[in-house]
Amino acid sequence: MNSSPRAGSLCTGYGGLDMAVERVFGAELTWYSDIDPGPIRLLEHHYPTIPNIGDLTTVDWQQLAETMPVDILTAGYPCQPFSVAGKKQGANDDRHIWPHIAEGIRVLRPRIVVLENVANHLRIGFPDVLGDLAALGYHASWGVVRASDAGAPHHRARLFVVAADPNGFRHQWTEKDAETGGGGQISVLRFTFLPTPTANLGSNGGPQPPEKRRAGNHSVSIEDVVAFLPRSSGVSTAPRSSAGAA
1 MNSSPRAGSL
11 CTGYGGLDMA
21 VERVFGAELT
31 WYSDIDPGPI
41 RLLEHHYPTI
51 PNIGDLTTVD
61 WQQLAETMPV
71 DILTAGYPCQ
81 PFSVAGKKQG
91 ANDDRHIWPH
101 IAEGIRVLRP
111 RIVVLENVAN
121 HLRIGFPDVL
131 GDLAALGYHA
141 SWGVVRASDA
151 GAPHHRARLF
161 VVAADPNGFR
171 HQWTEKDAET
181 GGGGQISVLR
191 FTFLPTPTAN
201 LGSNGGPQPP
211 EKRRAGNHSV
221 SIEDVVAFLP
231 RSSGVSTAPR
241 SSAGAA
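Residue numbers (UniProt numbering): 1 to 246.
Calculated directly from the structure, the hints in this document are not laboratory data.
Note that CB positions come from ideal geometry on N, CA and C, so glycine has one too.
Do not rely on the hints blindly, as some may be mistaken.
[Claimed, not checked] With beta-carbon atoms standing in for the labels, derived distance ranges:
{"hint": "1", "residue 1": "Phe-228", "residue 2": "Thr-67", "range": "42 to 48 angstroms"}
{"hint": "2", "residue 1": "Asn-217", "residue 2": "Gln-80", "range": "46 to 52 angstroms"}
{"hint": "3", "residue 1": "Lys-212", "residue 2": "Arg-41", "range": "33 to 39 angstroms"}
{"hint": "4", "residue 1": "Arg-106", "residue 2": "Lys-212", "range": "51 to 57 angstroms"}
{"hint": "5", "residue 1": "His-45", "residue 2": "Met-68", "range": "18 to 24 angstroms"}
{"hint": "6", "residue 1": "Met-68", "residue 2": "Pro-99", "range": "46 to 52 angstroms"}
{"hint": "7", "residue 1": "Gly-216", "residue 2": "Gly-54", "range": "54 to 60 angstroms"}
{"hint": "8", "residue 1": "Gln-62", "residue 2": "Phe-228", "range": "26 to 32 angstroms"}
{"hint": "9", "residue 1": "Arg-41", "residue 2": "Gly-216", "range": "48 to 54 angstroms"}
[To be verified] Calculated lysine to any residue pairs in the SDA-like style (CA-CA distance at most 20 angstroms, straight line):
{"hint": "10", "residue 1": "Lys-212", "residue 2": "Pro-230"}
{"hint": "11", "residue 1": "Lys-212", "residue 2": "Ala-227"}
{"hint": "12", "residue 1": "Lys-212", "residue 2": "Leu-229"}
{"hint": "13", "residue 1": "Lys-212", "residue 2": "Phe-228"}
{"hint": "14", "residue 1": "Lys-212", "residue 2": "Ile-222"}
{"hint": "15", "residue 1": "Lys-212", "residue 2": "Glu-223"}
{"hint": "16", "residue 1": "Lys-212", "residue 2": "Val-226"}
{"hint": "17", "residue 1": "Lys-212", "residue 2": "Val-225"}
Turn these sequences into a full structure, and let the hints guide you.
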């Protein structure tokens, strides 16, 4: 019997968020939702046996909960209503679909919800997201992560939210000292990151232990850090202690 957590994906795109969830939680994708022809072709190639439930604004959530329930739900929902590159219309934007996702969470009742959006979402519309999660009884934690924090050579700051049902499974990233909000809890995540790469951080005679580099007053490269990560833990994204929600 397969004991891996079942994951459902909304606004899947190329599936990056889901690959992370599969790696962190050991989950297996049960279904996904996307309406863009390009990503759909890619997803059909990588997940030929996994169904696309289509437009999430028309999904019968109750039927889905009965036929294909999930333990984890991911959603990298449209950023245009909140992005600094857009008109920043928030809930007035036609692409604002958070209410549909919140309804899906209410009916599906996954143990864990993982959300992703642009960092500017913190300034536009995010209180509604936290309020809905709290009203549903979820404990939510969030943090802004740059692509460069994971070793990529570009900035690309993104907001990530991990919400858990305390009656099901509460992930260790939820802070103990979180402030209570409504029926749930909210807190700010603190991460341990890889160093942000610069132009001189390329390979230089192969990787060396970071401590050895520092002892010789040499720069520590991304290659050094990654090559000498503990094999059992992988890249660490464990939060530091938090002072609570900001």
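- Ascending list of hint numbers which this structure does not respect: Of the numbered hints given earlier, those the structure breaks are 3, 6 and 8, listed in rising order.
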